[in-house]
Amino acid sequence: MQHPPDVLVQAIRYDTDVISARQLGRKRAEELGFSRPDQALVATAISELARNIVVYADQGEIELATIHQPDRVGIKITAKDRGPGIADLESALADGFSTGNSLGLGLPGTRRIVDEFDITSSPGLGVIVTVVKWSRR
Amino acid sequence: MSELISSSIAEGSGNLDLEKIFRWFDLTEEDRACTVELGELTDDVGEHIIEAFYAHLLNDETAARHFRDDAHIAQVKRGQMRYFRELVSADLNDAYVADRRRIGSIHERTGVTPTLYIGSYAYYLNRLAHVVLERMDEDPHKAFHLVMSLFKIAHFDMSLALETYVDAREEAIQARERELSELPTPVLQLRPGLLLIPVVGTLDSHRARALTVQLLEGIQEHRASAVVLDITGVAAVDSAVANHLIQTMAAARLMGALSVLTGLSAEVAQSLVKVGVTGEALNTAGDLQRGIEMAEQLLKD
Ligand SMILES: Nc1ncnc2c1ncn2[C@@H]1O[C@H](COP(=O)(O)OP(=O)(O)OP(=O)(O)O)[C@@H](O)[C@H]1O
Ligand SMILES: [Mg+2]
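Here the protein sequences line up with chains P and B, keeping their order. Quick note on the working numbering: the first sequence kicks off at 13 and runs consecutively. Quick note on the working numbering: the second sequence kicks off at 1037 and runs consecutively.
Isolated chain B, as found in the complex (with noise of 0.2 Å):
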């Protein structure tokens, strides 16, 4: 391992084992000492590429649309230089890391689809590419392991930035997720002494204690007797969610108010009396209309 990249993993790198990620990708110390000796010509003719890369990118209507005037263009043509220096010559370290991350993160806010990045890549990449060959041409053994070297640095970097797009994703439907469930469940009451609590979403045991006291919350101050629990919007009942549920049940049992439920599939419920899953649980109206029917019976006993 070069020194660039051993002193980066003694730091310790996150939750990114980068040593691991480097052995993927097969990026070994000569690769990095090649394309330092590439910074030099990058940089004579970075701006030359960048300037054609430009012209490829305006010329496109959804690209272009990236850009607002003239001065943001030539911002990003200032940062794209740095980017593509930093390419060849910046230590692959936790630092570099984190940087690549934070630009790509940018990108997957401002709408930059991969399509897009990966294309600008690529033009990027080629066209140095055969300046690398014209340059070196008395080598060009030589020019072709740079360049290959180039490609393996590149590829890590692009799959630095694609892991926040998906990243970026994961979290979004969390927040959603942790939004939902945290949005609290509605307690209706139908009559006196009878609450109707419909259920969505997943139940994993946070969400169910939630649930649990809201519905004693409901029972108290309702007074109520009887509870339909419908889960028509419950996406997975299975031994844990039917866990849940009967917890919550016993805890209103104890409350003084007994429940049914409702919203469970027959085929679903069997396949939880085959499961084992037994009891008050599966005390199940399929639906509502029968579960309310058969809460008011129990008022009336």
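In isolation and in its complexed conformation, chain P is listed as follows (with noise of 0.2 Å):
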């Protein structure tokens, strides 16, 4: 259960932990020299993942991870829960698709505002999602 010394880890159980994942987030990519903009799009997909867990799987965790390369450096975020999964991906990834009455942007709007964006779920097991924000050099 050891991580390289820049991953950072969260637990995400209460709305607290969505805050505090999502400050965790802003700081790393103030550090590494993103844009403000960038930032606030780093902590945004951070609490959208991280709500998601709250709301719908009860508890899990983010991971933070630095993503060093010649032109150009990285966040990845992975947001790991073992709740009850997604049945349906597609659905879940299209705009306006809520099981939570809410407004269903949240997996849509995330994959918009990162790079790389990467989901696994299978019912009963949880999902994994992970997401990759570049900044140029």
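Check before you lean on any hint, since a few could be wrong.
As the list claims (entries may be wrong) - For the chain B half of the interface with chain P, some residues (derived, Cβ under 10 Å), not all of them:
#1 1149
#2 1151
#3 1210
#4 1237
#5 1273
#6 1274
#7 1278
#8 1279
#9 1303
#10 1304
#11 1307
#12 1308
#13 1313
The hints are simulated quantities; they were obtained by calculation from the structure and are not laboratory data. Every residue gets a Cβ at the ideal spot worked out from N, C-alpha and C, and that includes glycine.
Taking the hints as your guide, dock the two standalone chains into a single complex.
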């Protein structure tokens, strides 16, 4: 259960954890030199994924990792939970689909504001969402 | 699994899966059998160790502060004897867990720090281990096994106490959060027909409903037709929070009041637009001053 030193993990259970994860992400983005709008996008993506964990899976975690490449630097956000999972991923990724009587924008919106987006889920086994946001140097 | 261990599992154990925890600590029926063998020895030397332990403890200023007088010390010593007797011989079942948690929460409440707690425990185990090795010098191998079994159970025991520390803190944070969320949101009348509502904290569905009720009552009471919702104090605005705000503002509109949202930073507002949030929720005016001006304009129209 060791993480490399630049990996941050925030357990997600309550709304206050969503705020903590979001602040961690924004701070990391700032440290890495992301522009202010991009910092906000990182914070928003974390917020959406963490909020889904609180609302639909009860608990899980957000992991933030830094990716260094010669010409760019990235933040990889991994949201994991062991909740009920998503039966129909295609619907869940469509604008406006919500089983929670909300806007249904969290997943598709996050996909729009990041550079790489990957989601896996099996019913009963939870959800793993991995996204990357890059910043040019 | 030992009888004592498995019987405790059969009883069911609330939200603790004891069997899993025992596996994690590699705690087996053999270990318990070993420490039960230590029972007599701990009774025999326990008092002596505890005396030494209190001498050690009272030497430390911070630790000594926990004791009022000699009678109090005597009482705590008796409790300590019982604590360690149970450590070697009590059934590790739900009742044991509950009792350990109870003691843990007393420690937490009275300010016994994890350092003090673990340090004390280590001191006791260390002393006891030496005594065991001395008394069983004809069979050091066996002595070692007994001590290692005792250590396993002691670690399990410490984890129970420390979990209560974490739980207590978590509970305190949640309680404060609840208190905050149950504070009525102030509805301020800026001038006839114009309300200002500062929203602070988190905005989950429960709080959003409460906010909506207060807003609607405010509109009715003040016959308001314009509302400034200031969300400077809302820490994380995302699509779920936007949804709550949209619902709240739509309800206000049904009551005949138009709303202006303020306190959303330009960057966050932009992010929300990219996520796909549109419409009235983002009919935002950066700062409060602008928001009030916009609302006054709405009043005139
Ligand atoms: N971690 C998760 N576990 C189980 N189901 C999920 C999870 N995340 C999303 N879902 C499902 O996918 C749907 C779409 O999620 P999305 O975040 O896009 O919208 P939403 O949460 O319903 O609304 P919004 O995010 O706009 O408030 C959810 O309604 C829910 O059914
Ligand atoms: Mg969502």
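Each hint tested on the structure:
1. 1149: Given a least distance of 23 Å, the restraint on residue 1149 of chain B is violated.
2. 1151: At about 23 Å, which exceeds the 10 Å cut-off, the nearest Cβ of chain P leaves the hint on residue 1151 of chain B violated.
3. 1210: Since the shortest Cβ distance to chain P is 7 Å, the answer is holds.
4. 1237: holds (9 Å)
5. 1273: Because about 8 Å separates residue 1273 of chain B from the closest Cβ in chain P, which is inside the 10 Å limit, the hint holds.
6. 1274: Because about 4 Å separates residue 1274 of chain B from the closest Cβ in chain P, which is inside the 10 Å limit, the hint holds.
7. 1278: holds (7 Å)
8. 1279: Holds, about 5 Å.
9. 1303: Constraint on residue 1303 of chain B satisfied, holds at 4 Å.
10. 1304: holds (5 Å)
11. 1307: Holds, because the Cβ-Cβ distance from residue 1307 of chain B to chain P comes to roughly 4 Å (cut-off 10 Å).
12. 1308: holds (7 Å)
13. 1313: With Cβ-Cβ at 6 Å, under 10 Å, it holds.
The earlier numbered hints that this structure contradicts are 1, 2.
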